[in-house]
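Keeping the supplied structure of chain Z fixed, place chains H and S upon it in accordance with the hints.
Take a look at the letters that make up each chain.
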Amino acid sequence: MDEEQLRIFVTILQNYFEQQTLRAAEVGTPFLGEPSALPVFDYTAVIGISGVRRGCVYFTAPGELLRDVLLRVGEPNVAEANLADLAGEIANTISGNARRDFGPDFMISVPVVMRGRGQSIQVPRDAKPYVIPLRWSKHLAALVVSVR
Amino acid sequence: MFGIDLGKYRTLVVSIFLFLLFDLGVLVLNFVISSEIAQDAEAVNLAGRQRMLSQRTAKAALQIEKQAGSETPDPRLPAELALAADTFERTLHAFRNGGETVSGGGKPILLARLDDAAAQDILTRTDAVWAPYRKAMQAALAPGAGAETVAAMVGRAEDTNLQLLGLMNELTTRMEAIAASKANNLRMVQVGGISLATINFVIILVHFIGHLRRADRELESARKQTDDILRTTQEGLFLLDPEYRIGTQHSRALAGMLGTGQPGGANLLDLLRPVVSQKTLDTAREYLDLLLKHEVKEKLVASLNPLDRVEINMSEAPGIASQRYLKFAFNRVKEGKRVTHLLVTANDITRRVQLEQDLKESEERSANQMSMLVELLRVDPAAMQEFLAGAGSALDGMNALLKDQTEGREAHGARINGIYRIAHRLKGDAAGLGLSSLAGNVHALETQLSELRERSDLMGEHFLPVTVRVKALFADLEAIQSVVTRVAAMRAAVVVDPPRPAADAQAQALQFVQRWRAYATQIAQRRQKCVELSYGGIDIATLDAAQRETIVGVVNQFIRNAIVHGIESPDERRVRGKPAAGQLSVYVMRNEEGGVDLSFRDDGQGISTERIRLAALKSGLLSPERAHTSTDRELIALIFAPGMSTQDHADTDAGRGAGLDAVKEMVVGQGGRIRIGTTRGEYCHFRVTLPAAAARPVQPASEEIKA
Amino acid sequence: MKLLIVDDSNIIRSKIARALGAYGLEVVGLAANGRDAVARAAVTRPDVITMDLTMPEMDGIQCIREIRKLRPKVQILVVSALADKATAIQALKEGAQGFLCKPFTEQELTDAIGELIEEAQNG
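Each protein sequence line maps, in turn, to chains Z, H and S. The opening position of the first sequence corresponds to residue 1 in this note's numbering, with each subsequent residue numbered one higher. The opening position of the second sequence corresponds to residue 1001 in this note's numbering, with each subsequent residue numbered one higher. The opening position of the third sequence corresponds to residue 2001 in this note's numbering, with each subsequent residue numbered one higher.
Chain Z on its own, in the form it takes in the complex (with noise of 0.2 Å):
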């Protein structure tokens, strides 16, 4: 993956964002992580990536991140339900963005919601995964690429 394509997903990221609470997202100094040791935060959505290159994208946050985005747009039931939906909503952005971006050689998936801290998320063992930390209003969440 590179990072044009790296780009695509950030970008789509902070349009989120940025166009939805009116507070633009920080992005962090990206890095490589550990297949076995990335960051999962309490929602986590994931979207699998097949075709040509394969693997999976998933964005991770806290449920306080997602609650204060809910209030910040005027949603004020903020029950766990309605978390999960939002964390769907932002890996819906993202793929639904991506298949647009992206060429033949990505077929993207359907997100899938995952909620708890504890959960590993399975990702490609042979290849470093790309780590975007994320900053919204004080909030750290996470853009992990790992893509072969």
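Don't read these hints as lab results, they were simulated from the structure. Yeah, the Cβ is synthetic: ideal placement off N, Cα and C, and Gly gets one too. Among these hints, one or two may not hold up.
List time: in silico PhoX-like cross-link candidates among lysine-lysine, alpha-carbon distance up to 25 Å [claimed, not checked]:
id	chain 1	residue 1	chain 2	residue 2
1	S	Lys2002	S	Lys2015
2	H	Lys1293	H	Lys1334
3	S	Lys2093	H	Lys1297
4	H	Lys1135	H	Lys1066
5	S	Lys2093	H	Lys1066
6	H	Lys1337	H	Lys1297
7	H	Lys1299	S	Lys2015
8	S	Lys2102	H	Lys1297
9	H	Lys1334	S	Lys2102
10	H	Lys1618	S	Lys2002
11	H	Lys1297	S	Lys2073
Heads up, incomplete: computed chain Z residues facing chain H, CB under 7 Å, no partners named [what the hints assert, rightly or not]:
id	residue
12	Val27
13	Leu32
14	Pro35
Some chain Z residues judged to face chain H by a derived CB distance under 8 Å, without partners named [to be verified]:
id	residue
15	Asp2
16	Ile12
17	Asn15
Showing chains H and S alone in chain Z's frame:
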């Protein structure tokens, strides 16, 4: 039968015909016998009347006698007697011989002669009794008959009365018996006919039920075969109707392929919608319409099938997108000329596609690895291991700096500098080992860092390209590691060449090496080529002056020769899958005899014997006959001949034909020898051995060629 | 069988003419653009046409539509690159009967034409 081919219905038609025949037979017999019975009943009645008539004649005879004395005789009595007697007579005659008589109602009635022997016997006896009685009656009734004739008639009547009554009784009984037996016959015929019809019916039933059951069994067996095929085939088979709906009969494999529980009845395009692009979906609909509704040649449009390679993505477990490739093939199903359905065959071609992809990837990888291999083969394994370990931790160090999320301009600046320092050292190490492509990649990272340093608005996300490059370096190291491992395995398995001395950084720094390198670069630039020269071995300053001068002179000639004749242009090298820069590898070492061994190898196009043949012919070195019969070995030896050059016109570097002949002269002058190894398109390798300085007998030079 | 070849490439035109001429078809016309093709189809009354899709003046689809009006029974083989399957399918819906993908071999071309003619003679 009937001139019509009744086929399998022949038996049925015959059976039904027989059934009708039996019924009709029974009906006709029934009619005939019934009418006979009716006639018989009439006859029985008439026989009964004969009893009555015999009594009436007797009674009338007596009454006539009684009134004979009275003065007012009843005039009706003689007429009554005459009528009764006449009726009796006619009826008797009709019974005996057949003929007409009158019925009870006075109408004439035709009677058949009684065939029964017993009846005829009765009738004969009756006639015997009746005839005299009748005569007497006729006499008494004649006009003017006297009282004595009447008395005679009455006497007759008294005599015969009981006799006639008995006979007529007998006749009636007999005829009733005949009628009863006929009724019996009729019942028999009816029973027989109905029985035959019933038997026929049973035969029909047994025969046709058998037939039907056999047909059912055949159908069932056909259905079972179809079921078995649909159940076991690995292909997804189904019919598609013009509304793109999947038929209910489909192979079991289909559900698994499409990842849906019940494909039957579903719309194929709806099933595909989530997994293919909108464009593919639209094209697919158009394509199906084309096959269903347009007059095109099925075979000639197959290449337009947009579903010949459909990727299906399914989430088997969270985060795992399993992807498979399906190939759908469509064939028209026609009724007459009309296309009613499409027979669709879906195949899982995942394995094939993956093999293709793997092949492509491995081809790309091996092309990369080949060039790396060339670099790596020159590096001492121990030094390589040390380098790899160091490089690994260098990259980890860079990643750790990236991972530290401290924000702010100063923190970013420190990060850049930290990564830069590590990169710079890594580049030096890589270059030192001759790992030029790796060094190049690290250099690109340095450039990237320098650009970042310029930015005033530095933020975390600007490090994205740095991270990408670091990751690429990790991949480079991994690739090197895998090649090194394989090379080590190969070296262990086959001893190819004596291990070469390390082209270590120290050796690269020697002054004479720098000079060779500068010389090589200079020539390469003039010829628009690109070369890299690596050196391994001893410092030639340690050799005695004569050896040293020979080595330097020979190497200079080899460099010039290699660049001019051997190394291809960068473009051509790329086409051949070689690194753009031609590789010149020089080794000098002492041998056991105290002499010096020189190895000079270039990875250019090798020696072309055809060009030598041509050049030798042109320059007159070989006669035309010799030129055509010379072996490769003889031709290659010619490159050392004076005045020999394959270059068409002279320039600074070559073409004067003074070069390799000079080498030969120098080497032979020292009592040394030259060996050449070359493979067309791959390399040219000169090995020169110079004897020890002390022992320098003049001996003829020998050229050995292994080509 | 009279053949009209429509293609804006000189090379392709002569390749088709050579191959199908040898196959026994009478080449009655060559056209390099759609407008010319329609005119030639009207004049030469071909039985079979090979048709490129991307051409100057009038594209192949428009051209097929026009020629269909003139010669409803003509057999048209679209000879085009596979870059855009949708366009090719569109052309077939407009009344072409077959499609041959560029680049093609002579064998593929004669096979395709054979298929086309066989059907035309049967029905």
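Checked hints:
| no. | hint | result |
| --- | --- | --- |
| 1 | S:Lys2002 to S:Lys2015 | holds (17 Å) |
| 2 | H:Lys1293 to H:Lys1334 | holds (12 Å) |
| 3 | S:Lys2093 to H:Lys1297 | holds (12 Å) |
| 4 | H:Lys1135 to H:Lys1066 | holds (20 Å) |
| 5 | S:Lys2093 to H:Lys1066 | violated (125 Å) |
| 6 | H:Lys1337 to H:Lys1297 | holds (13 Å) |
| 7 | H:Lys1299 to S:Lys2015 | holds (22 Å) |
| 8 | S:Lys2102 to H:Lys1297 | holds (18 Å) |
| 9 | H:Lys1334 to S:Lys2102 | violated (30 Å) |
| 10 | H:Lys1618 to S:Lys2002 | violated (58 Å) |
| 11 | H:Lys1297 to S:Lys2073 | holds (15 Å) |
| 12 | Val27 | holds (4 Å) |
| 13 | Leu32 | holds (5 Å) |
| 14 | Pro35 | violated (12 Å) |
| 15 | Asp2 | holds (7 Å) |
| 16 | Ile12 | violated (13 Å) |
| 17 | Asn15 | violated (13 Å) |
The structure fails hints 5, 9, 10, 14, 16 and 17 (numbered hints given earlier, in ascending order).
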